[in-house]
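J.: Listed below, chain by chain, are the residues.
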Amino acid sequence: MKQFDYENAKTIGEAVNLLNNSSKNVRPIAGGTDLIPRMRNGLLEPDILVDIKNIPELNILSINGDLLEIGAAVPLYRIYEEERITKSYPALIDAIKNIGGIAIQGRATVGGNLCNAAPSGDSIPALIVHEAMCIIAGPTGQRILPVEDFCTAPGKTALGRGELLTTIQIKHPPHNTGSCYNRFIPRNEMDIAVTGVAASLMLSMDRTQIENAKVAIGAVAPTPLLVKAAGEVLVGNAPTEEAWGKAAIAAQSAARPITDVRGSINQRKHLVGVLTKRALRKAYLRAIGEMEI
Amino acid sequence: MVIKMKEVTITINGVQHKVKAEPDKILIDLLREDLHLIGTKQSCDRKGQCGACTVIVNNRAVRSCLQKVVDLEGASVITVEGLGTPEKPHPIQEAYVLSGAIQCGFCTPGLIMATKALLDQNPDPDLPAIKRALARNLCRCTGYKKIIEAVTLSSRFLRNETTPEEYRRSLKGSMIGVSYPRPSAMLKACGLAEFTGDVRIEGSLELAVARSTEFHALIKSIDTSVAEKMPGVIGVMTAKDIKGTNRIRVAAPDQPILCEDRVRLLGDPIVAIAAETREQAKAAAAAVKVEYEPLLVMLEPEEALASGALQIHPHSPNLFMSQPLVKGDADKVFAESSAFVEAEFSTQMNHQAPMEPEHCVAYLKGEGDGAQLVVIQRSINIHGHTAQIKEAIGWDNIRYIEAYSGGQFGIKGSITTEAVTAAAALHFKRPIRYIPSLEESILLTSKRHPYRQKVKLAADTKGRLTALHYDFTINKGAYAGMGGGVMMRSLNMLTGAYYLPNIKALGLIVYTNNGYGGAARGAGPPQTTFAIESAVDMLAKKLGIDPLEFRRMNSLKPGETKATGMVITEKWPFPEVCDAIKPHYERAKRDAAAFNAKGGPLKRGVGLAAHSFGIGGAGDSATMSIEIDPDDGVTIYAAVADPGEGNDSMLSQIAAHQLGLPLEKVRLYTRDTEKTVGMGPAAGSRMTWIAGNSLINAIEQLKATMSEANSKTYAGLVMAGKSTRYQGSTKNPGVGRLDPQTGQGDSFVSECHNIQLAEVEVNTDTGATRIIKMTTVVDAGTVLNPQNLEGQLEGGMDQGVGWALREEYVLGKTKDWITFKFPTINDSFEMEIIIHETPRLKGPLGATGIGEMTMTSTAPAVINAIEDACGIRIYNLPATPEKVKAALVAAVK
Ligand SMILES: Cc1cc2nc3c(=O)[nH]c(=O)nc-3n(C[C@H](O)[C@H](O)[C@H](O)COP(=O)(O)OP(=O)(O)OC[C@H]3O[C@@H](n4cnc5c(N)ncnc54)[C@H](O)[C@@H]3O)c2cc1C
Ligand code: FES
Ligand code: FES
Numbered sequence: 032m033k034q035f036d037y038e039n040a041k042t043i044g045e046a047v048n049l050l051n052n053s054s055k056n057v058r059p060i061a062g063g064t065d066l067i068p069r070m071r072n073g074l075l076e077p078d079i080l081v082d083i084k085n086i087p088e089l090n091i092l093s094i095n096g097d098l099l100e101i102g103a104a105v106p107l108y109r110i111y112e113e114e115r116i117t118k119s120y121p122a123l124i125d126a127i128k129n130i131g132g133i134a135i136q137g138r139a140t141v142g143g144n145l146c147n148a149a150p151s152g153d154s155i156p157a158l159i160v161h162e163a164m165c166i167i168a169g170p171t172g173q174r175i176l177p178v179e180d181f182c183t184a185p186g187k188t189a190l191g192r193g194e195l196l197t198t199i200q201i202k203h204p205p206h207n208t209g210s211c212y213n214r215f216i217p218r219n220e221m222d223i224a225v226t227g228v229a230a231s232l233m234l235s236m237d238r239t240q241i242e243n244a245k246v247a248i249g250a251v252a253p254t255p256l257l258v259k260a261a262g263e264v265l266v267g268n269a270p271t272e273e274a275w276g277k278a279a280i281a282a283q284s285a286a287r288p289i290t291d292v293r294g295s296i297n298q299r300k301h302l303v304g305v306l307t308k309r310a311l312r313k314a315y316l317r318a319i320g321e322m323e324i
Numbered sequence: 059m060v061i062k063m064k065e066v067t068i069t070i071n072g073v074q075h076k077v078k079a080e081p082d083k084i085l086i087d088l089l090r091e092d093l094h095l096i097g098t099k100q101s102c103d104r105k106g107q108c109g110a111c112t113v114i115v116n117n118r119a120v121r122s123c124l125q126k127v128v129d130l131e132g133a134s135v136i137t138v139e140g141l142g143t144p145e146k147p148h149p150i151q152e153a154y155v156l157s158g159a160i161q162c163g164f165c166t167p168g169l170i171m172a173t174k175a176l177l178d179q180n181p182d183p184d185l186p187a188i189k190r191a192l193a194r195n196l197c198r199c200t201g202y203k204k205i206i207e208a209v210t211l212s213s214r215f216l217r218n219e220t221t222p223e224e225y226r227r228s229l230k231g232s233m234i235g236v237s238y239p240r241p242s243a244m245l246k247a248c249g250l251a252e253f254t255g256d257v258r259i260e261g262s263l264e265l266a267v268a269r270s271t272e273f274h275a276l277i278k279s280i281d282t283s284v285a286e287k288m289p290g291v292i293g294v295m296t297a298k299d300i301k302g303t304n305r306i307r308v309a310a311p312d313q314p315i316l317c318e319d320r321v322r323l324l325g326d327p328i329v330a331i332a333a334e335t336r337e338q339a340k341a342a343a344a345a346v347k348v349e350y351e352p353l354l355v356m357l358e359p360e361e362a363l364a365s366g367a368l369q370i371h372p373h374s375p376n377l378f379m380s381q382p383l384v385k386g387d388a389d390k391v392f393a394e395s396s397a398f399v400e401a402e403f404s405t406q407m408n409h410q411a412p413m414e415p416e417h418c419v420a421y422l423k424g425e426g427d428g429a430q431l432v433v434i435q436r437s438i439n440i441h442g443h444t445a446q447i448k449e450a451i452g453w454d455n456i457r458y459i460e461a462y463s464g465g466q467f468g469i470k471g472s473i474t475t476e477a478v479t480a481a482a483a484l485h486f487k488r489p490i491r492y493i494p495s496l497e498e499s500i501l502l503t504s505k506r507h508p509y510r511q512k513v514k515l516a517a518d519t520k521g522r523l524t525a526l527h528y529d530f531t532i533n534k535g536a537y538a539g540m541g542g543g544v545m546m547r548s549l550n551m552l553t554g555a556y557y558l559p560n561i562k563a564l565g566l567i568v569y570t571n572n573g574y575g576g577a578a579r580g581a582g583p584p585q586t587t588f589a590i591e592s593a594v595d596m597l598a599k600k601l602g603i604d605p606l607e608f609r610r611m612n613s614l615k616p617g618e619t620k621a622t623g624m625v626i627t628e629k630w631p632f633p634e635v636c637d638a639i640k641p642h643y644e645r646a647k648r649d650a651a652a653f654n655a656k657g658g659p660l661k662r663g664v665g666l667a668a669h670s671f672g673i674g675g676a677g678d679s680a681t682m683s684i685e686i687d688p689d690d691g692v693t694i695y696a697a698v699a700d701p702g703e704g705n706d707s708m709l710s711q712i713a714a715h716q717l718g719l720p721l722e723k724v725r726l727y728t729r730d731t732e733k734t735v736g737m738g739p740a741a742g743s744r745m746t747w748i749a750g751n752s753l754i755n756a757i758e759q760l761k762a763t764m765s766e767a768n769s770k771t772y773a774g775l776v777m778a779g780k781s782t783r784y785q786g787s788t789k790n791p792g793v794g795r796l797d798p799q800t801g802q803g804d805s806f807v808s809e810c811h812n813i814q815l816a817e818v819e820v821n822t823d824t825g826a827t828r829i830i831k832m833t834t835v836v837d838a839g840t841v842l843n844p845q846n847l848e849g850q851l852e853g854g855m856d857q858g859v860g861w862a863l864r865e866e867y868v869l870g871k872t873k874d875w876i877t878f879k880f881p882t883i884n885d886s887f888e889m890e891i892i893i894h895e896t897p898r899l900k901g902p903l904g905a906t907g908i909g910e911m912t913m914t915s916t917a918p919a920v921i922n923a924i925e926d927a928c929g930i931r932i933y934n935l936p937a938t939p940e941k942v943k944a945a946l947v948a949a950v951k
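Chains A and B, in that order, are what the protein sequence lines are.
In the working numbering, each number is its position in the first sequence, counted from 1, plus 31.
In the working numbering, each number is its position in the second sequence, counted from 1, plus 58.
Treat the hints as calculated values from the structure; they're not laboratory data.
Hints may contain errors.
As the list claims (entries may be wrong) - Simulated pairs of lysine-lysine, DSS-like, Cα-Cα distance not exceeding 30 Å:
#1 Lys187(A) <-> Lys873(B)
#2 Lys41(A) <-> Lys83(B)
#3 Lys733(B) <-> Lys128(A)
#4 Lys347(B) <-> Lys301(B)
#5 Lys128(A) <-> Lys661(B)
#6 Lys951(B) <-> Lys277(A)
#7 Lys189(B) <-> Lys118(A)
#8 Lys128(A) <-> Lys259(A)
#9 Lys873(B) <-> Lys278(B)
#10 Lys83(B) <-> Lys187(A)
#11 Lys308(A) <-> Lys189(B)
#12 Lys514(B) <-> Lys33(A)
#13 Lys308(A) <-> Lys128(A)
#14 Lys733(B) <-> Lys780(B)
#15 Lys514(B) <-> Lys629(B)
#16 Lys347(B) <-> Lys951(B)
#17 Lys300(A) <-> Lys780(B)
#18 Lys780(B) <-> Lys723(B)
Work out the full structure, taking the sequences as your base and the hints as a guide.
T.: Next comes the structure, spelled out in structure tokens:
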């Protein structure tokens, strides 16, 4: 590993100042579970790492009124150990329980998963269907970005120089809403998603109609994608297998996968269909309260 | 740039340490390198994949390879050494030992720490909770069943429902047939067993090797000038610095320690560099410049056999070897026969995947020409491997000390990093430690040979097998390794449990530029049996005979002959093995039918496969010694490796039984070329048979002398002027060589009989296959240690399923434990083992071997079950979801 320097930021302002350095390659480090292996393999060679774990605001995990706030340094386990969150945000919980196993979840963060911007990053499709917002601090102040606009290319985000993701905000889902994330991996553990799909559904009061729906797909395009067309074919329809089938076709046509060691184009396209249907079925069961996380 | 050191105060195993750390320092280095707490292991080169480095930080399980030290101010860290010691073990350590959850033990410390973190939070975890907590701790040996049992037993100990003492009280009665914990288990559970990477030699340099980035090329020039001047570098070594043949020879002298003028395989070693630290050595190796002239790359046998193809090695054409087998007149039968099936099958190249990387240490003891070169690695054949090193590096006085071994599964059929490390110790005249990364370890070791096979199998109208055509081509890869061994083993065990009067077979072994084939659990028969047992099922279906009945009715009988023409003289208990599986088979069929009646995309199926695996090659022999000690205990001096299968238990339980001694009084001296003599590799499942028999021979001599001296004590023997040390030996009858024209001749002297039943569920939406349960009936003669026998079966079936469903080695792409997909605990499945004991007339106390048989019938049982579930047959392993789905789609069209 190349030598690097290490700074321990205590405030958001301090971190932003350190990051806003034009002559050096500076990177934030949260859990380090992506960063450390990459640096060891020589894929990343920062001059300075800015540790953001000791910034109090970034460790906040709170539910205020109908707003969930996840600080960018909050390790995953804190999220799924909080019952109020598991009840209301099942797709996110499905996703983060998949990331890296227990010993990784003690350190890894949702912020890191998002900023890493892997096409297969498990939390990202889930955050998209939860309509999460990214709060970003930078040299010129704060800005807010919907999560589906955050990743711009494999490994690339909308963050500019000196910018730091500080918080992820998610509104409480309305009544009669259910969501789910599921992925396909070659083993039952250990692997990176060949394909991942998240879905959320909001049903009418009498539960006979879909009032709002979102489908997001991962590992089948340069970034995780919100498939608007899949949501649109569902809204106004009854929650049936037929509807899931239509949404699956819409999701498949939005997918632009590549062939790599994990899977081929054909297999991935096919899996988008299977996983979309599964995600919608489960989201539906959760919306009507017949399935726990 | 000035690097800021930070001082942090950390409590490690209850002791406060103030440490100054650089920003990039990780906890595993602090523990292992600075504090020499070697219980914390690493397999994945610190990529967070293996879990062997798991420790507890502030009550949570943490991967110490991803934990920066500077983040640990005020933290409390517990490592496996902090739990207990062999004198005062922690209940979790006791539970792992008593459950038989420790084979090679490389994964054990990490698993024990993950278990501790789980039980601290959840004192009574159910199966899903256990799987979740251990999901990222890999184990290649056990199939996870006994690990799950160990966690459950730990929780019972901790809740005071039972105690280790109570549990141990059940271990009594005979020395044979009782599951005494293996002798090294407690050391491994406490993190005190030294594996090679744990050995520290004062003044060691670290080695790194610059390796070929080409698959096949001439070396035009090697420029080490930049590398030599880099910080910390002590020197470089190239082929011309090597004094011996510079060739590793097992079957053929074809593998250079360092390449001279040509590379034949991606990753071939070219320059070795010694430096003060591993990072410095690696940086210098990366700075070596090699200029290549690329040659045509031939990865598949067809390419290498094409007319005019470039010859890969000067000493041999690309067709390395061929061997026919002719028994009866198969052509004639096929010309007349009505019922036959015909198909082509292939198996993939695979990695044996021991958890421990190919670490090695070498140093000179003494000075000048008489100095002794000590080599430390994990070997399964210390004397044979010493001979290989001697010849390759040109130094006679070599001592091989085997460290504890983190698994091997055949990968150590030949030496791996020993030659380059030993040559470096001679060249640099300093102790050398070579810690290759996992990626390098995977590149430089032998692999399971891929097979292409054509099978044609016939039966008469009554369902008796009549004839077999079997043509197979083995991709040898770039180096000979064990040479024709796999092919001979395939032919020797070709027809397994069955009688086949007419056979025509031809095997070819072809050099290519692919990963080189060596021994891999089973070495040949698993590949062959996949094809034959698939064809057996196809033929049974064609004839309308139940596949279990079909197998049973074709069993060999005494007086009939195996594929090599050898006549069976002993009882052949295969029909009884079939009878024992029958109720399970029928239950499984009913369960699957009931499930499938519900409809839906999930389809269940049941499949069988069988094999009678040859143990104890014709003409094989072994020698060892036993010595009575002053306290009237004994020490066994034998070059018998135990990379995890349980040979230590076998030796000590046999000796204790024969001499009426408690186990504590049987000592083993097995891992050092000093004071032992060569007895061949711990391979081919031969050790129980051959070492067991030679031990019994030595003990008989000791006992004869005791009765002559009329004393059973050391003092008595000395007083009577008798020797205290006895050498025993044994030799199997026959000549271990098949006729080059007909493939007929003496074969194995014993068999391990087995049938396996796979219950699977295929998701016809995705093509993913889930194993619900594997049931196996096995007859391995007298059982010496039931827990070890089960451990072999469970680990073998787990590996067999991995090989059947997803494992594959792709040269240049398979680099770590993500790209090589061996089963995790979440892929584990229910297993049931039914033991049938037919004592073998010539086996040690009636026993025979088992280690490799365990995975031989697994893959065909799984593939036959997939066919039963959804009507499609997979001919090319592995049966990935993609292949299964494609076959389902094709079947609909
Ligand atoms: C064994 C193992 C298994 C894994 N399995 C999975 C898996 O199944 N699914 C999956 O999606 N991922 C997986 N990962 C990847 C990784 O654990 C996750 O992506 C994790 O969520 C990253 O979080 P982190 O806090 O460790 O990020 P870090 O490594 O600290 O950071 C990741 C990247 O984001 C940047 N960054 C971090 N925080 C911020 C911020 N607040 N603002 C701006 N930039 C920031 C960093 O500079 C870096 O480039 C695995 C990793 C390992 C080692
Ligand atoms: S060394 Fe830490 S997980 Fe492998
Ligand atoms: S005992 Fe688990 S890897 Fe060997």
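J.: Straight-line Cα separation of Lys128(A) and Lys661(B) no greater than 30 Å?
T.: holds (28 Å)
J.: Lys514(B) and Lys33(A): Cα distance at most 30 Å?
T.: Not satisfied, since the Cα-Cα distance of roughly 59 Å exceeds 30 Å.
J.: Tell me if the straight-line CA distance from Lys347(B) to Lys301(B) falls inside 30 Å.
T.: holds (24 Å)
J.: Verify the proposed pairing of Lys514(B) with Lys629(B), using a straight-line Cα cut of 30 Å.
T.: Answer holds: Lys514(B) to Lys629(B) is near 29 Å, not above 30 Å.
J.: Does Lys277(A) lie within 30 Å of Lys951(B) when you go C-alpha to C-alpha?
T.: The given pair, whose Cα atoms are some 23 Å apart, holds under the 30 Å limit.
J.: Do the alpha carbons of Lys308(A) and Lys189(B) lie within 30 Å of each other, as the hint requires?
T.: With Cα atoms ~27 Å apart, Lys308(A) and Lys189(B) stay inside 30 Å; holds.
J.: Hey, Lys300(A) versus Lys780(B), does the alpha-carbon distance stay inside 30 Å?
T.: violated (79 Å)
J.: Take the C-alpha atoms of Lys41(A) and Lys83(B), compute the straight-line distance between them, and say whether it is at most 30 Å.
T.: holds (21 Å)
J.: Can you confirm whether the C-alpha distance between Lys187(A) and Lys873(B) stays at or below 30 Å?
T.: holds (25 Å)
J.: Just to be careful, I want the Cα atoms of Lys733(B) and Lys780(B) compared with a cutoff of 30 Å; is the pair within it?
T.: holds (20 Å)
J.: What's the verdict on Lys733(B) and Lys128(A), does the C-alpha distance respect the 30 Å limit or exceed it?
T.: It is violated: about 54 Å lies between the C-alpha atoms, which goes past 30 Å.
J.: Checking one constraint from the list: CA of Lys780(B) to CA of Lys723(B), max 30 Å. Satisfied?
T.: holds (21 Å)
Checked against the numbered hints given earlier, the structure breaks hints 3, 12, 16 and 17 and satisfies all the rest.
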